[in-house]
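Asks: The lines below spell out each chain.
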Amino acid sequence: MLKYQSQAVAKPYFIAAIGLFVAQILFGLIMGLQYVMGDFLFPEIPFNIARMVHTNLLIVWLLFGFMGASYFLVPEESERELHSPKLALALFWIFLVAGALTIVGYLAVPYATLAEITGNDLLPTMGREFLEQPTITKIGIVIVVLGFIYNIGMTILSGRKTVVSVVLLTGLVGLAVFFLFAFYNPTNLVLDKYFWWWVVHLWVEGVWELILGAILAFVLIKVTGVDREIIEKWLYVIIAMTLITGVIGTGHHYYFIGTPEYWLWVGSVFSALEPIPFFMMTLFAFSMVNRRRKDHPNQAAVLWALGTAVTAFLGAGVWGFMHTLAPVNYYTHGTQLTAAHGHLAFYGAYVLIVLTIISYAMPLLRNQGEAAPAKAQNLEKLSFWLMTISMVVITLLLTGAGIMQIMTQRMAEEPMSFMAVQDSLATFYWLRVIAGLVFLVGLFTYIASFFAKDKAAPMATK
Amino acid sequence: MSEPFTKSMARNIFIGGGLFSFLLFVGLTVDTMERLPERDNRQNITPEVALGKKVWEDNNCVGCHTILGEGAYFAPELGNVYQRLGHSTEAIKVMIKSRPVEGVPGRRSMPQFNLTEEELEGIAQFLKWTSEINTNNWPPNIQG
Ligand code: HEM
Ligand code: HEM
Ligand SMILES: [Fe+2]
Numbered sequence: 126m127l128k129y130q131s132q133a134v135a136k137p138y139f140i141a142a143i144g145l146f147v148a149q150i151l152f153g154l155i156m157g158l159q160y161v162m163g164d165f166l167f168p169e170i171p172f173n174i175a176r177m178v179h180t181n182l183l184i185v186w187l188l189f190g191f192m193g194a195s196y197f198l199v200p201e202e203s204e205r206e207l208h209s210p211k212l213a214l215a216l217f218w219i220f221l222v223a224g225a226l227t228i229v230g231y232l233a234v235p236y237a238t239l240a241e242i243t244g245n246d247l248l249p250t251m252g253r254e255f256l257e258q259p260t261i262t263k264i265g266i267v268i269v270v271l272g273f274i275y276n277i278g279m280t281i282l283s284g285r286k287t288v289v290s291v292v293l294l295t296g297l298v299g300l301a302v303f304f305l306f307a308f309y310n311p312t313n314l315v316l317d318k319y320f321w322w323w324v325v326h327l328w329v330e331g332v333w334e335l336i337l338g339a340i341l342a343f344v345l346i347k348v349t350g351v352d353r354e355i356i357e358k359w360l361y362v363i364i365a366m367t368l369i370t371g372v373i374g375t376g377h378h379y380y381f382i383g384t385p386e387y388w389l390w391v392g393s394v395f396s397a398l399e400p401i402p403f404f405m406m407t408l409f410a411f412s413m414v415n416r417r418r419k420d421h422p423n424q425a426a427v428l429w430a431l432g433t434a435v436t437a438f439l440g441a442g443v444w445g446f447m448h449t450l451a452p453v454n455y456y457t458h459g460t461q462l463t464a465a466h467g468h469l470a471f472y473g474a475y476v477l478i479v480l481t482i483i484s485y486a487m488p489l490l491r492n493q494g495e496a497a498p499a500k501a502q503n504l505e506k507l508s509f510w511l512m513t514i515s516m517v518v519i520t521l522l523l524t525g526a527g528i529m530q531i532m533t534q535r536m537a538e539e540p541m542s543f544m545a546v547q548d549s550l551a552t553f554y555w556l557r558v559i560a561g562l563v564f565l566v567g568l569f570t571y572i573a574s575f576f577a578k579d580k581a582a583p584m585a586t587k
Numbered sequence: 038m039s040e041p042f043t044k045s046m047a048r049n050i051f052i053g054g055g056l057f058s059f060l061l062f063v064g065l066t067v068d069t070m071e072r073l074p075e076r077d078n079r080q081n082i083t084p085e086v087a088l089g090k091k092v093w094e095d096n097n098c099v100g101c102h103t104i105l106g107e108g109a110y111f112a113p114e115l116g117n118v119y120q121r122l123g124h125s126t127e128a129i130k131v132m133i134k135s136r137p138v139e140g141v142p143g144r145r146s147m148p149q150f151n152l153t154e155e156e157l158e159g160i161a162q163f164l165k166w167t168s169e170i171n172t173n174n175w176p177p178n179i180q181g
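Line by line, the protein sequences are chains A and V.
Going by the numbering used here, the first sequence opens with residue 126, and the numbers climb by one from there.
Going by the numbering used here, the second sequence opens with residue 38, and the numbers climb by one from there.
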């Protein structure tokens, strides 16, 4: 049972998130094939188009997930109904339609045509990695996010203020503020790159970690029954470390783009400390589960939560540290090693936290009681392992490919050309396609879990 | 039980540490902005270079290539392509112009963008300008 009726608006957000997730993975597989069959779907879907669909869908569905998470947990934390469920629903449809139109635009017309018809000449913001959206879509995103923050903010400010909800709100406001740098696109490429990272790095290694921490803390409070005071203290320490290491840690992107030399050591020192908050998150999750005061019936949600903490530490902490020191990054910068890290970090931290809150919330949203039926939970757990293991395998393969690339193209006495090196890595890329297919199977298993029922008596209790 | 380390201490570390970090970061940014002109070769940003960056973005070249190590990892690094193609803007233009519409069978393909002569010149000048930014000696060698 839902404690507050308006929490129900989270449901369409979660469903849309899962739908877009499927599409994201399909485009990942298309690119995986293009890596080894260069002319696959060419010229209908060139690689760059598949890539922007893949990454933009990722970001959009994660945003749907964050919004759904907020609509679900903020009423409960604030002990009141949402300020305006109607606004939440209206923004849902606006965001979904705008997002769908943008993806259709990517696929239907050449990118240059899209830029022209959407008025990129008036305020050029397009054509930069992750920020490929037409300027009007970006404006749409700002409007949706502001409406969302207003709704969440009003609810929090007029209700009970908890550390979880205030940290979440801080993260969301930060998300909105740093996105504004997407509109700053100077002609000078060095300046452009410098502030581009204020969106990308300060999101994933800054304010998004606040959102991640808040959602994780919420779920841990619910499934372990550990005293809120303890969990909130952990949360503060973790996000303090996030900002102290991560903000100046942005410097690990300022080594080789034309910025002054002192960034080589400033970036190295601070970003080398960035794994600390991720490591603490792992300790946090495990020690809360060990100190649990009850065994919550939703054991799938516990698995997702622990999985988030561990995989985020691996992807962001370990794989991030691997290439973050300037002398190492000199050789690894912009290789398959970067892609390896990008995948495991995004998956471990942000994909998994969204799936964690969905796992916790969906049974309540679907009137199944505190937990889904046992069979459904088993499928969910299976899907966790299928997706997580295949993503780790993808990461290891790309790491192998990256190391080979660095040795033959960057460090060799007689360096080979980029294209020749890529040809020599085909085996890694074929195996990546296979691991990607396993990931897709995992994703379908996950979806199937929502339709699984126990054969015997229904589980719905409370 | 009296706790030596309280929640409000944790909160203060978060607020104080966060604010301090942002201020320091802004300070470093101001300093960087002052030093950039010596390194980023901005005196050579001609209208052609500016047009070139626009063409670069309008065609999403960064969706396949890296430039100064950032972008996609599907196609060659272009920050130093001016040097790789023999310090020749002409070679860059020929390369872009000559891409077959249907791609190269079995090989990773680059689209035919049908750029005008002016746009081609812009792109080539933009890549030449980029190659002259002081990047602390990156990339390690000519292959990018
Ligand atoms: C959840 C957190 C994180 C996510 C989602 C993430 C994601 C990414 C992505 C997608 C890129 C590629 C950006 C591009 O396309 O140019 C990247 C680059 C990078 N990340 Fe992370 N990251 C995270 C945390 C970290 C941490 C904690 C570290 C350091 C300890 C780190 C170090 C780096 C470095 C050094 C690069 C630049 C790679 C290069 O030079 O090519 N990241 N990250
Ligand atoms: C939840 C799962 C996934 C996440 C979170 C994810 C995330 C990302 C991100 C952040 C990038 C940009 C990488 C960067 O700039 O470093 C990317 C690119 C890419 N992804 Fe994924 N991805 C996922 C699944 C997949 C799968 C299953 C495949 C294929 C089998 C795949 C194939 C690719 C390819 C080929 C690229 C382009 C790399 C390049 O620029 O050359 N992804 N993905
Ligand atoms: Fe970063």
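Derived by calculation from the structure, the hints in this document are not laboratory data.
Don't be surprised by glycine CBs; every beta carbon is placed ideally from N, CA and C.
Wrong hints could be hidden among the right ones.
To be verified - Distance windows between CB atoms, simulated:
#1 A/R418 / V/P41: 53 to 61 Å
#2 V/M70 / A/D246: 22 to 30 Å
#3 A/L127 / V/R144: 26 to 34 Å
#4 V/K134 / A/Y387: 39 to 47 Å
Claimed, not checked - Stretches of chain V that chain A covers, calculated by requiring three or more beta carbons in the stretch to come under 8 Å of a beta carbon on chain A:
#5 43–53
#6 82–90
#7 93–104
#8 109–115
#9 132–143
#10 153–159
Asks: Hints first: check each against the structure and report whether it holds.
Replies: Now the hints, each set against the structure:
1. A/R418 / V/P41: 53 to 61 Å: violated, 24 Å
2. V/M70 / A/D246: 22 to 30 Å: holds, 27 Å
3. A/L127 / V/R144: 26 to 34 Å: Cβ of A/L127 to Cβ of V/R144: about 55 Å, so the range 26 to 34 Å is violated.
4. V/K134 / A/Y387: 39 to 47 Å: Given range 39 to 47 Å: holds, Cβ gap about 42 Å.
5. 43–53: holds (count 6)
6. 82–90: holds (count 4)
7. 93–104: holds (count 11)
8. 109–115: Held - the region 109–115 of chain V has 6 residues with a Cβ nearer than 8 Å to chain A, which meets the minimum of three.
9. 132–143: holds (count 6)
10. 153–159: As far as the region 153–159 of chain V goes, the hint is violated, because 0 residues have Cβ atoms under 8 Å from chain A.
Violated hints, listed in ascending order, are 1, 3 and 10; each of the other numbered hints is respected by the structure.
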